[in-house]
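S.K.: Sequence:
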Amino acid sequence: MECSRCEYYKTHNCKHQCMKLPEGKTCADCVHVMRCTIMFGVNPENTSCDFEPIRFKQAVN
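In our numbering, the protein residues as written are 25 to 85.
It is possible that some hints are incorrect.
[Claimed, not checked] In silico SDA-like links for lysine to any residue, alpha-carbon gap of 20 Å or less: (1) K81 x P46; (2) K81 x D53; (3) K49 x P77; (4) K44 x E69; (5) K49 x D74; (6) K81 x R59; (7) K81 x A52; (8) K81 x E47; (9) K81 x N67; (10) K81 x G65; (11) K49 x T61; (12) K49 x P68; (13) K44 x S72; (14) K44 x A83; (15) K81 x M43; (16) K81 x F64; (17) K44 x R59; (18) K44 x G65; (19) K44 x T71; (20) K49 x K81; (21) K44 x N70; (22) K81 x C60; (23) K44 x D74; (24) K81 x E69; (25) K49 x I78; (26) K44 x V55; (27) K81 x N70; (28) K49 x Q82; (29) K81 x V55; (30) K81 x C51; (31) K44 x C60; (32) K81 x G48; (33) K49 x T71; (34) K44 x R79.
No lab work stands behind these hints: they were computed from the structure.
Let's have the full structure, built from the sequences with the hints guiding it.
M.R.: Rendered as structure tokens:
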């Protein structure tokens with residue numbers, strides 16, 4: 025996975041921090057978890073988003 029501005033971020037020591045979910049959150053906490061799991065095989069326990077720009081949106085319980 026490459027960030028859209030990867031050349032810029034590589035010079036600034038990027039470690040894909042932009043793709044990490046908020047502290048204590050997993051894909052299971054996102055409104056898109058079912059779609060991502062079914063269509064792309066995403067593990068609901070992931071702590072980073074596979075999509076760039078990040079698409080994490082907190083699910084309302």
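S.K.: Straight-line Cα separation of K81 and E47 no greater than 20 Å?
M.R.: This hinted pair holds, its Cα atoms lying about 13 Å apart.
S.K.: Is it true that the CA of K81 sits at most 20 Å from the CA of N70?
M.R.: 14 Å, holds
S.K.: For a C-alpha distance cap of 20 Å, please report whether K44 and C60 respect it.
M.R.: Distance of about 16 Å is within 20 Å: holds.
S.K.: Verify the proposed pairing of K81 with G48, using a straight-line Cα cut of 20 Å.
M.R.: 14 Å, holds
S.K.: Is K44 close enough to R79, meaning Cα to Cα at most 20 Å?
M.R.: Within the cut-off at roughly 11 Å; holds.
S.K.: Keeping to a limit of 20 Å between CA atoms, is the pair of K81 and D53 held or broken?
M.R.: Answer holds: K81 to D53 is near 8 Å, not above 20 Å.
S.K.: Are K49 and T61 close enough, with their CA atoms no more than 20 Å apart?
M.R.: The hint holds at about 16 Å.
S.K.: Is K81 close enough to M43, meaning Cα to Cα at most 20 Å?
M.R.: 13 Å, holds
S.K.: Sort out whether T71 lies within 20 Å of K49, counting only the CA atoms.
M.R.: Holds, at roughly 6 Å.
S.K.: Is K44 close enough to E69, meaning Cα to Cα at most 20 Å?
M.R.: 12 Å, holds
S.K.: For a C-alpha distance cap of 20 Å, please report whether K44 and G65 respect it.
M.R.: 18 Å, holds
S.K.: Given the hinted pair K44 and N70, is their Cα-Cα distance within 20 Å?
M.R.: 9 Å, holds
Violated hints: none; the structure is consistent with every hint.
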